[in-house]
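Protein chains in written order, with the numbering used here: chain A, 62 to 293; chain B, 264 to 757.
Bear in mind the hints are in silico, worked out from the structure with no lab data behind them.
Hints are not guaranteed to be accurate.
[To be verified] The calculated SDA-like cross-link candidates involving lysine to any residue, where the alpha carbons are at most 25 Å apart (straight line), are:
| hint | chain 1 | residue 1 | chain 2 | residue 2 |
| --- | --- | --- | --- | --- |
| 1 | B | Lys-530 | A | Glu-112 |
| 2 | A | Lys-145 | A | Ala-187 |
| 3 | A | Lys-73 | B | Gln-336 |
[Said to hold, decoys possible] Stretch by stretch, here's where chain B covers chain A in the computed footprint (C-beta under 8 Å, at least three residues):
| hint | stretch |
| --- | --- |
| 4 | 75-86 |
| 5 | 253-259 |
[As the list claims (entries may be wrong)] Selected chain B positions facing chain A (in silico; Cβ < 10 Å):
| hint | residue |
| --- | --- |
| 6 | Val-348 |
| 7 | Thr-400 |
| 8 | Gly-489 |
| 9 | Leu-537 |
| 10 | Leu-566 |
On a predicted model such as this, the values are computed, not experimentally measured, just so you know.
Glycine residues also receive a C-beta, built at the ideal position from the N, C-alpha and C atoms.
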Amino acid sequence: MDEAAFMQRIAKRLGRVRPMMQQPSRTEIGAPEFWDAYDLPMSARVDKFCEELARLGGSAIVCDHANDVLQRLADILHSLAPGKVGLWGGEFATTWGLRDVLQAHTCIRWEPQDRVDAVTPTLHEAFASVDVGITGCDYAIADTGSVVLTCDPLRGRSVSLLPSVHIVLVRRSQIRTRLGEVLNEMLSAAHRLPGYPSSINIITGPSRSSDIENDLCIGVHGPASVIVMIAP
Amino acid sequence: MSDAGWQAGNVVERSHEALQDNFLRGAVRFTTDRLKGRKSEATSELGDWEQWRERGQAIRSHTVAHLDYYLAQFCDRVREAGGHVHFADDAAEAAMIVMQIVDEKKAKTVVKSKSMVSEEIHVNHHLLQAGVRAIETDLGEYIVQLAGQAPSHIIIPAIHKTREQIRDLFVGVGATDLTTDTAALAAFARRTLRQEFLQAEVGLTGCNFGIAESGSVALFSNEGNGRMVSTLPRTQIVTMGMERILPTFADLEVMANLLPRSATGQKLTAYLSLITGPRREGEGDGPDELHIVILDNGRSRQLGDPDMQAVLHCIRCGACLNVCPVYRHIGGHAYGSVYPGPIGAVLSPLLQEGDKHADLPFASSLCGACYEACPVKIPLHDMLVTLRARYVARGKASQLERVAFRGYRVSFATPRRYKASFALLRVLQRGLAKGNQIDAQVGPLRGWTASRSLPAVAAHSFRSRFAEIKRELDVDDRGQGLGGKPEREGANNG
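Can you make the complete structure from the sequences, with help from the hints?
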């Protein structure tokens with residue numbers, strides 16, 4: 062159906078001669094006021110985040126030093142013994158100093174070549190056989206135990222989706238209390254940048270389903286295990 | 264395939280069938296109890312639930328009342344982000360648009376994540392006819408599709424299937440050595456569907472909310488199939504009802520607090536994905552093309568209708584199903600429409616005019632539990648009454664019902680006629696009434712007496728006994744006035 066006619070019909074049914082062009086005014090936007098005042102101090106945020114994630118079957122590991130992160134990560138990878146580890150591309154590994162930890166494992170990084178040539182296997186096909194995906198995040202949310210990941214050319218959507226285990230590296234400064242704060246900050250960022258990222262994923266614990274006789278099962282399509290490591 | 268799942272007949276016949284299925288009744292009750300219980304835990308934990316509902320209602324009613332502005336803004340933002348927008352007047356046109364895109368991409372396989380609108384436009388049926396494989400990837404929907412059925416609950420589609428039945432269905436598509444263990448069944452689905460995600464040319468998703476200020480499509484999901492479908496295939500098609508809009512990101516926070524809690528009692532689903540346009544240059548995954556198909560299909564008719572506009576506020580959480588005494592007994596299939604439960608009983612007859620779903624508003628006890636459960640406070644029980652009234656006003660009531668109401672009007676018009684009609688009833692009920700009740704299953708009485716007793720007309724009416732009662736009362740008053748005590752109790756004082 063023609064767009065103009067489609068819109069005109071809506072306007073007419075709502076009692077207008079033509080579609081409204083000016084932003085309608087309103088007073089009740091977003092969450093109730095008492096909710097906006099909900100703001101935990103940092104140490105309480107970390108505790109709340111860990112508690113919420115644990116309730117969902119995810120695990121949060123709080124590290125006091127940067128070295129702890131590397132040591133704990135090395136231990137986890139050692140015990141998981143993955144065939145292949147996948148991680149974000151670009152400076153990600155360097156920034157977190159992961160080089161030594163990853164040396165013991167077969168790794169692939171998310172660094173896409175041109176995708177026009179359909180003959181070479183695309184990156185996501187290569188990532189389909191990755192066992193552990195390691196990413197950072199943009200934010201974490203204490204209230205729900207969530208991590209927020211946006212995508213760009215070096216931070217593919219598949220890295221946090223296809224592997225069976227997803228390890229997320231978070232800095233304390235990235236943790237917010239509520240989802241609303243994160244949405245608000247991303248809105249401001251989008252106004253500075255050339256718009257919104259093509260994909261924002263707010264990930265809360267491992268993939269799950271209760272579709273078989275209401276019995277909860279984990280890891281139906283997405284990762285069966287989500288491990289969040291909180292660095293200072 | 265979705266067509267094949269619907270049973271024929273009216274809602275009463277389909278209900279009888281559902282009531283024979285003990286497993287179904289048990290499963291429906293178990294699930295709805297569980298969802299209800301978890302919802303009440305999750306809402307009390309959040310606190311101020313009523314204030315959240317008020318806010319949810321305010322946001323949805325403002326958006327729908329200004330849908331022309333917000334929908335246009337959404338479409339503009341989608342196009343700015345590189346997406347395509349299509350407009351469909353009805354289900355057939357929406358299906359045609361989807362088929363054209365699928366055809367253009369020469370797709371052999373389409374992977375789908377859960378979408379009620381795709382059920383509404385019967386897209387699986389069209390794909391099947393064109394020789395394209397349509398794969399449902401939500402675990403419950405996949406099971407239901409293998410069984411050749413339609414979903415029986417908005418949130419938990421395979422609520423009516425046992426694990427043994429599910430194992431047998433999986434064996435039917437090549438599983439070997441499969442136990443009925445939940446983890447084993449889920450693992451089989453994961454392996455099988457993973458291959459489909461990787462080879463499908465087109466991914467089809469629904470849309471929980473379209474954010475007007477950014478042109479983003481918000482998807483709430485738990486399994487991750489929604490993410491797969493919007494990440495791996497090179498073309499993504501989104502089907503959405505035209506009312507599924509929120510003005511801002513800030514409003515999304517409210518819905519993120521209301522929707523998962525109302526649907527499954529979760530604080531938040533495992534994934535909340537916000538998709539804004541196709542993949543950008545240099546990105547290695549995400550669709551090259553994003554098409555959004557916006558469907559009217561009877562929705563615009565509800566705008567400007569003061570009694571029905573609020574049906575467009577619905578956020579498809581399914582909370583009204585879980586509390587409905589009728590749904591809890593008969594399950595989703597008995598409604599015979601894409602949308603079951605109280606919301607379906609209102610929405611289906613509105614979207615599809617004519618008689619097909621006109622009987623659904625009568626499949627309700629009008630108890631109002633649906634309204635109490637609704638996170639955006641849609642007055643479903645009032646709407647059901649209005650729809651019944653409209654049905655009768657269209658002259659659709661049965662001959663018997665019309666005669667009965669004409670009789671009612673005649674006999675209740677004057678006291679004399681009233682007296683005479685009850686005298687007549689006393690005569691007519693002779694032989695039927697036993698004691699004070701009627702259990703005889705004859706003629707139209709059966710509709711009531713098949714499952715309960717009908718109180719018989721009393722041998723003497725209140726009015727005929729009134730002279731006698733008044734005498735007693737007068738005597739009582741006198742007694743009280745003289746001796747300070749009722750006369751009849753006087754004997755006990757001696």
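The hints, checked one at a time:
Our distance criterion of 25 Å between C-alpha atoms is met by Lys-530 (chain B) and Glu-112 (chain A), whose separation comes to about 13 Å. For a cut-off of 25 Å, the pair hint linking Lys-145 (chain A) to Ala-187 (chain A) stands: about 10 Å separates their Cα positions. A threshold of 25 Å between alpha carbons decides the hint, and for Lys-73 (chain A) with Gln-336 (chain B) the separation of about 18 Å falls inside it, so the pair holds. Given as covered by chain B, the stretch 75-86 of chain A passes the check, having 9 residues with a CB less than 8 Å from a CB of that chain where 3 are the minimum.
Given as covered by chain B, the stretch 253-259 of chain A passes the check, having 4 residues with a CB less than 8 Å from a CB of that chain where 3 are the minimum. Satisfaction of the interface hint for Val-348 (chain B) is found here, the shortest Cβ-Cβ separation to chain A being roughly 8 Å, below the 10 Å cut-off. Using the Cβ-Cβ criterion of 10 Å, the hint placing Thr-400 (chain B) at the interface with chain A is satisfied: the shortest such distance is roughly 7 Å. Hint on Gly-489 (chain B) holds. Least Cβ distance to chain A is approximately 9 Å, under the 10 Å limit.
A hinted interface residue such as Leu-537 (chain B) counts as satisfied when its beta carbon comes closer than 10 Å to some beta carbon of chain A; here the least separation is about 4 Å, so the hint holds. With 10 Å as the threshold, the beta carbon of Leu-566 (chain B) comes within range of chain A, its nearest partner Cβ sitting at about 4 Å, so the hint holds.
The earlier numbered hints are all upheld by this structure, with none contradicted.
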